[in-house]
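Chains as they are written, first to last, in this note's numbering: chain A, 1 to 351; chain B, 1 to 240; chain C, 1 to 343.
A couple of the hints might just be wrong.
The calculated lysine-lysine pairs, modelled on DSSO-like cross-linking and capped at a C-alpha distance of 30 Å, are [claimed, not checked]:
hint: 1; chain 1: B; residue 1: K164; chain 2: B; residue 2: K130
hint: 2; chain 1: B; residue 1: K179; chain 2: B; residue 2: K130
hint: 3; chain 1: B; residue 1: K131; chain 2: C; residue 2: K217
hint: 4; chain 1: C; residue 1: K139; chain 2: B; residue 2: K71
hint: 5; chain 1: A; residue 1: K156; chain 2: A; residue 2: K166
hint: 6; chain 1: C; residue 1: K315; chain 2: C; residue 2: K147
hint: 7; chain 1: C; residue 1: K147; chain 2: B; residue 2: K130
hint: 8; chain 1: B; residue 1: K71; chain 2: C; residue 2: K147
hint: 9; chain 1: B; residue 1: K141; chain 2: C; residue 2: K217
hint: 10; chain 1: B; residue 1: K71; chain 2: C; residue 2: K315
hint: 11; chain 1: C; residue 1: K181; chain 2: C; residue 2: K193
So these bits of chain A aren't anywhere near chain C, every CB distance computed over 10 Å [said to hold, decoys possible]:
hint: 12; residue: S7
hint: 13; residue: G8
hint: 14; residue: P35
hint: 15; residue: R119
hint: 16; residue: R121
hint: 17; residue: Q142
hint: 18; residue: I172
hint: 19; residue: F173
hint: 20; residue: Y230
hint: 21; residue: L305
hint: 22; residue: L329
To be clear, the hints were calculated from the coordinates, so they are not data collected in a lab.
Source: prediction; values computed, not measured.
Idealized CB from N, CA, C, for every residue including glycine.
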Amino acid sequence: MLKTLVSGDTPRSPILLAILIVILICLAFAPFLFPGVRSVDTAARICIFIVLVASYDLLLGYGGIVSFAHTMFFGLGAYGVALASTHMGRGFDALLVGSVAGAGLAALLALVIGLFSLRVRAIFFAMITLAVASAVAVLVSQLSTLTGGEDGLSFKIPRALGPAFKFMDGEIFGVKANGKLLKYYLVFISCFVLFLLMLRVVNSPFGRVLQAIRENDFRAEAIGYRVVHYRVAATCLSAAIAALAGALYAVWLRYVGPDTTLSMEIMIDILLMVVIGGMGTMYGAVIGATLFVLAQNYLQNVLSLAGESVSTLPLLPDLLNADRWLLWLGVLFILSVYFFPTGIVGRLRGK
Amino acid sequence: MSDPILKLDNVFTNIAQYHILQGVDLTVPRGEVTMLLGRNGVGKTTTLRTIIGHWRALQGSVLFDGQDITKLPTPAIARAGIGFVPEDMGIFADLTVEENMILAAVSGAIDEARLQWLFTVFPALETFWKKDAGTLSGGQKQMLSIARAMIEERALYLIDEPTKGLAPAIITTMARAIKELKDQGASILLVEQNFAVAKALGDTANVMDDGRMVWSGQMSELATNAELQERLMGLSMEAH
Amino acid sequence: MSAAPEHAPTMAKMSLTERLAPHAPILLVIALILAGLVAIPATSSWLTLTVSGLAMGMMIFIMASGLTLVFGLMDVINFGHGAFVSVGAFVGVSFLLLLERMTGAPNLLWNLTALMVAIVGAMGATGVMGWAFERVIVKPVYGHHLKQILVTMGGLIVVEQLIIVLWGPEEIYITRPEALKGAITFAGAALEKYRLVAVGIGLVVFLAMRYTLRRTKIGLIVRAGVENGEMVQALGYNLRMVFIGVFVAGSALAGLGGVLWGLYQEVITAHMGNQTMILVFIVVIIGGLGSVEGCFIGALLVGLMQNYVAFLEPKAALISNIALMVAILMWRPMGMIPVVKAK
Numbered sequence: 001m002l003k004t005l006v007s008g009d010t011p012r013s014p015i016l017l018a019i020l021i022v023i024l025i026c027l028a029f030a031p032f033l034f035p036g037v038r039s040v041d042t043a044a045r046i047c048i049f050i051v052l053v054a055s056y057d058l059l060l061g062y063g064g065i066v067s068f069a070h071t072m073f074f075g076l077g078a079y080g081v082a083l084a085s086t087h088m089g090r091g092f093d094a095l096l097v098g099s100v101a102g103a104g105l106a107a108l109l110a111l112v113i114g115l116f117s118l119r120v121r122a123i124f125f126a127m128i129t130l131a132v133a134s135a136v137a138v139l140v141s142q143l144s145t146l147t148g149g150e151d152g153l154s155f156k157i158p159r160a161l162g163p164a165f166k167f168m169d170g171e172i173f174g175v176k177a178n179g180k181l182l183k184y185y186l187v188f189i190s191c192f193v194l195f196l197l198m199l200r201v202v203n204s205p206f207g208r209v210l211q212a213i214r215e216n217d218f219r220a221e222a223i224g225y226r227v228v229h230y231r232v233a234a235t236c237l238s239a240a241i242a243a244l245a246g247a248l249y250a251v252w253l254r255y256v257g258p259d260t261t262l263s264m265e266i267m268i269d270i271l272l273m274v275v276i277g278g279m280g281t282m283y284g285a286v287i288g289a290t291l292f293v294l295a296q297n298y299l300q301n302v303l304s305l306a307g308e309s310v311s312t313l314p315l316l317p318d319l320l321n322a323d324r325w326l327l328w329l330g331v332l333f334i335l336s337v338y339f340f341p342t343g344i345v346g347r348l349r350g351k
Numbered sequence: 001m002s003d004p005i006l007k008l009d010n011v012f013t014n015i016a017q018y019h020i021l022q023g024v025d026l027t028v029p030r031g032e033v034t035m036l037l038g039r040n041g042v043g044k045t046t047t048l049r050t051i052i053g054h055w056r057a058l059q060g061s062v063l064f065d066g067q068d069i070t071k072l073p074t075p076a077i078a079r080a081g082i083g084f085v086p087e088d089m090g091i092f093a094d095l096t097v098e099e100n101m102i103l104a105a106v107s108g109a110i111d112e113a114r115l116q117w118l119f120t121v122f123p124a125l126e127t128f129w130k131k132d133a134g135t136l137s138g139g140q141k142q143m144l145s146i147a148r149a150m151i152e153e154r155a156l157y158l159i160d161e162p163t164k165g166l167a168p169a170i171i172t173t174m175a176r177a178i179k180e181l182k183d184q185g186a187s188i189l190l191v192e193q194n195f196a197v198a199k200a201l202g203d204t205a206n207v208m209d210d211g212r213m214v215w216s217g218q219m220s221e222l223a224t225n226a227e228l229q230e231r232l233m234g235l236s237m238e239a240h
Numbered sequence: 001m002s003a004a005p006e007h008a009p010t011m012a013k014m015s016l017t018e019r020l021a022p023h024a025p026i027l028l029v030i031a032l033i034l035a036g037l038v039a040i041p042a043t044s045s046w047l048t049l050t051v052s053g054l055a056m057g058m059m060i061f062i063m064a065s066g067l068t069l070v071f072g073l074m075d076v077i078n079f080g081h082g083a084f085v086s087v088g089a090f091v092g093v094s095f096l097l098l099l100e101r102m103t104g105a106p107n108l109l110w111n112l113t114a115l116m117v118a119i120v121g122a123m124g125a126t127g128v129m130g131w132a133f134e135r136v137i138v139k140p141v142y143g144h145h146l147k148q149i150l151v152t153m154g155g156l157i158v159v160e161q162l163i164i165v166l167w168g169p170e171e172i173y174i175t176r177p178e179a180l181k182g183a184i185t186f187a188g189a190a191l192e193k194y195r196l197v198a199v200g201i202g203l204v205v206f207l208a209m210r211y212t213l214r215r216t217k218i219g220l221i222v223r224a225g226v227e228n229g230e231m232v233q234a235l236g237y238n239l240r241m242v243f244i245g246v247f248v249a250g251s252a253l254a255g256l257g258g259v260l261w262g263l264y265q266e267v268i269t270a271h272m273g274n275q276t277m278i279l280v281f282i283v284v285i286i287g288g289l290g291s292v293e294g295c296f297i298g299a300l301l302v303g304l305m306q307n308y309v310a311f312l313e314p315k316a317a318l319i320s321n322i323a324l325m326v327a328i329l330m331w332r333p334m335g336m337i338p339v340v341k342a343k
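Start from the sequences, fold in the hints, and give me the full structure.
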């Protein structure tokens with residue numbers, strides 16, 4: 001039964017299995033296990049980034065395609081929800097319309113970019129997505145009447161998801177039974193379902209063909225697979241799921257802005273998460289996103305402590321400055337591409 | 001005869017997961033034209049590419065003029081004194097005929113006397129000297145490819161199917177060029193499918209099958225023995 | 001002896017379109033300039049914008065040329081190329097700040113000398129950095145595009161962060177050398193002096209590069225290597241050494257581009273290189289990956305388009321270049337001057 005749920009793609013490593021179960025339990029019961037505002041927020045972020053990173057892994061790890069437009073698709077979903085909620089008024093219908101429209105538009109855009117670049121050379125895709133995504137980011141910050149520009153948009157979500165809404169009296173295990181709790185579970189369950197859906201996709205015949213193309217596109221073409229079709233389809237699917245993750249993120253934050261969804265920094269974060277977690281494994285996204293978001297929230301403190309302890313030395317304090325953690329991540333990233341191309345999951349599986 | 005100019009000893013070469021050469025032994029005597037014959041796909045081109053270093057021998061050794069070149073990088077092998085004319089001719093289509101030749105003169109400027117000699121062998125080169133090599137016809141490209149290898153003196157020339165797809169008149173030109181090269185004292189290892197050309201040019205012959213050398217001997221012996229041809233190369237020889 | 005009869009194919013007379021086809025890219029530049037003349041109401045504004053467009057195009061070309069050659073020669077795509085632009089800008093600006101007395105004096109010769117010192121310093125630094133980058137970052141991942149994109153991106157992150165460590169996180173504002181401030185008036189149009197200098201430097205670089213590629217042996221090796229590297233090796237040239245040379249030269253040019261771009265914008269940040277990469281990638285794609293001429297023409301198109309559209313409708317500037325890229329890829333999927341690979 002469990003095996004069917006994960007589409008037969010088991011973790012294949014006892015340690016990995018144990019870690020995944022711990023993460024699942026922590027996320028599933030986060031509001032009860034870690035009741036602080038900040039820790040629940042971290043848990044929701046982890047859920048959303050797991051989906052976002054896994055959808056990127058679908059493209060990079062399974063399709064062998066590098067995209068720099070993933071944040072653009074993420075943003076499309078987020079802005080879709082924000083705009084729908086602003087113009088249609090708060091309500092679940094607005095959330096649904098916004099998410100579907102965002103995902104549809106993301107898939108369409110991915111289709112166009114894919115047809116243009118993947119038809120010629122897969123490497124064009126990386127460059128074209130970088131250019132298009134940057135142009136869109138600039139455009140979004142310029143069209144301030146529609147998008148709120150740099151300030152972004154704050155909007156109202158359905159009352160049922162707000163802290164003022166009580167769905168039953170009293171508390172459940174010491175946690176208030178309000179809309180906030182419902183919102184967390186909306187995010188968690190949606191992400192859980194999306195992740196299982198992606199596991200199903202990569203273990204379907206479609207996913208296997210995609211991997212065959214990644215290994216050797218000439219041979220795949222020779223066997224008779226239309227390589228471009230498969231790659232474009234993967235791109236569209238990946239874009240749509242990223243948009244849905246974006247929609248959830250917007251709902252969670254009740255806000256959308258260029259910095260939270262479209263920025264190049266987030267794109268780089270996604271790259272780091274997927275490579276460090278393990279490309280082409282899906283579970284790598286879980287490990288990568290969890291580690292990364294935790295590190296982002298908590299490890300910077302550790303780094304600043306380390307910086308203070310060497311504050312008398314030249315240059316070292318600068319290198320260990322908490323704001324410089326991206327430097328160390330960059331180094332870690334390069335080293336992992338060289339030495340652990342299969343990431344943490346690959347290591348645990350003993351590959 | 002002194003020691004051979006080139007000697008392959010039990011060479012194995014893989015391309016991806018395919019075992020193409022499976023223990024090739026080959027001796028190229030000095031100052032002779034040595035033919036490398038066999039059906040398509042038996043490893044002739046791979047043998048030449050292994051010698052020049054485009055593919056790497058996994059086992060065995062390649063001795064050139066007494067020096068072990070098995071592990072040398074391609075440019076060093078070329079500079080040791082081996083000229084290479086690949087099957088696809090390797091013409092630089094964006095460059096003019098002149099620029100192709102300038103590039104081929106690795107050690108410096110083009111030797112004018114040698115160039116004049118090449119013009120008598122291949123008059124077309126002079127005609128199209130300033131044209132882009134990409135605009136030449138197939139036969140002219142082949143001439144350029146061989147002339148490029150010949151612009152500087154080399155101890156050994158590896159020539160892969162120089163007559164493939166060419167008109168009979170141009171084949172004659174090619175054959176004469178190879179003959180002149182030999183008369184100058186060069187050694188030549190020639191892959192050839194055209195048996196008439198092979199018969200006319202070859203001193204010794206080596207026949208390959210399935211990644212191994214199956215017969216080595218005098219070309220004249222092979223040329224006169226129809227039963228031997230039949231056994232070694234099957235019907236493919238008759239087609240020519 | 002008698003020569004073999006020559007194979008002499010007769011050529012049918014080509015139609016006008018066929019004869020124009022090879023020159024289509026450069027005609028496109030002229031067409032764009034003319035379109036600008038029609039679309040922009042005042043001729044003087046048009047002239048100002050054309051000069052800015054050309055200046056911008058030249059700077060992008062300088063930054064993009066190394067990238068496209070590196071790709072053509074070794075099939076290596078360097079997503080960290082922007083790092084050299086940023087480092088070039090920071091080193092160059094540091095020199096200019098050191099030479100403040102020379103740049104502050106209203107003396108063209110002193111100003112240009114200071115600028116030259118800054119350029120040489122920046123190019124030296126980025127050249128050395130390029131050599132190190134090739135050895136450490138790129139060399140281990142030859143022949144593997146996916147890993148190349150990832151590690152060079154990683155390299156970019158590290159370099160950007162190191163810039164912040166060395167120069168601090170704040171953006172640095174700079175003023176142009178005294179004699180290069182302001183504009184001259186020509187035919188009623190105000191032409192910024194600095195942009196004219198940028199056009200001049202760009203032209204010099206382009207012509208020098210063209211000369212090197214067409215008239216020197218090393219240039220022939222590079223051109224032949226873009227087409228068929230294996231054969232170049234079989235002739236006896238060590239292509240890897242040539243490639244390192246091109247990589248270093250390309251990095252140094254990116255550094256030069258960084259200095260020029262920094263003075264153009266009058267502000268530099270650690271991320272400026274990666275921001276310029278957006279236009280650089282558009283340029284190398286529409287030019288044809290591996291083609292220096294295509295890169296030059298593409299850069300002019302992008303520079304002009306950016307300036308004309310920014311004048312007419314500021315918000316559409318970047319999008320217009322995306323549209324330009326889409327249009328050109330529909331016309332020629334491999335770029336305007338596609339590089340023919342032997343294999």
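Legend entry - Hint consistency between K181(C) and K193(C) [alpha-carbon to alpha-carbon, up to 30 Å]: 7 Å, holds
Legend entry - 30 Å limit on alpha-carbon distance, applied to hinted pair K131(B) and K217(C): Roughly 18 Å between the alpha carbons, so the hint for K131(B) and K217(C) holds.
Inset, instruction - Assess, step by step, whether the Cα of K179(B) is no farther than 30 Å from the Cα of K130(B), and give holds or violated. - result: Since the Cα atoms of K179(B) and K130(B) sit roughly 27 Å apart, the hinted pair holds (cutoff 30 Å).
Legend entry - 10 Å cut-off, C-beta based - G8(A) kept clear of every residue in chain C: 27 Å, holds
Inset, instruction - Measuring Cβ to Cβ, find out whether Y230(A) lies farther than 10 Å from everything in chain C. - result: Check passes; 17 Å lies beyond 10 Å.
Inset, instruction - Compare the distance between the alpha carbons of K164(B) and K130(B) with 30 Å, and conclude whether the hinted pair is satisfied. - result: 26 Å, holds
Legend entry - 10 Å Cβ clearance of L305(A) from chain C: 19 Å, holds
Legend entry - Restraint check for K141(B) with K217(C), where alpha carbons must lie at most 30 Å apart: Answer holds: K141(B) to K217(C) is near 21 Å, not above 30 Å.
Inset, instruction - Take the C-alpha atoms of K71(B) and K315(C), compute the straight-line distance between them, and say whether it is at most 30 Å. - result: 59 Å, violated
Inset, instruction - Find the nearest Cβ of chain C to the Cβ of Q142(A) and say whether that gap is larger than 10 Å. - result: 5 Å, violated
Inset, instruction - Test the statement that F173(A) is away from the interface with chain C: the closest C-beta pair must be farther apart than 10 Å. - result: 43 Å, holds
Legend entry - Restraint status (C-alpha distance of K315(C) to K147(C) at most 30 Å): 35 Å, violated
Of the hints listed earlier, those the structure fails to meet are numbers 6, 7, 10, 15, 16, 17, 22, in rising order.
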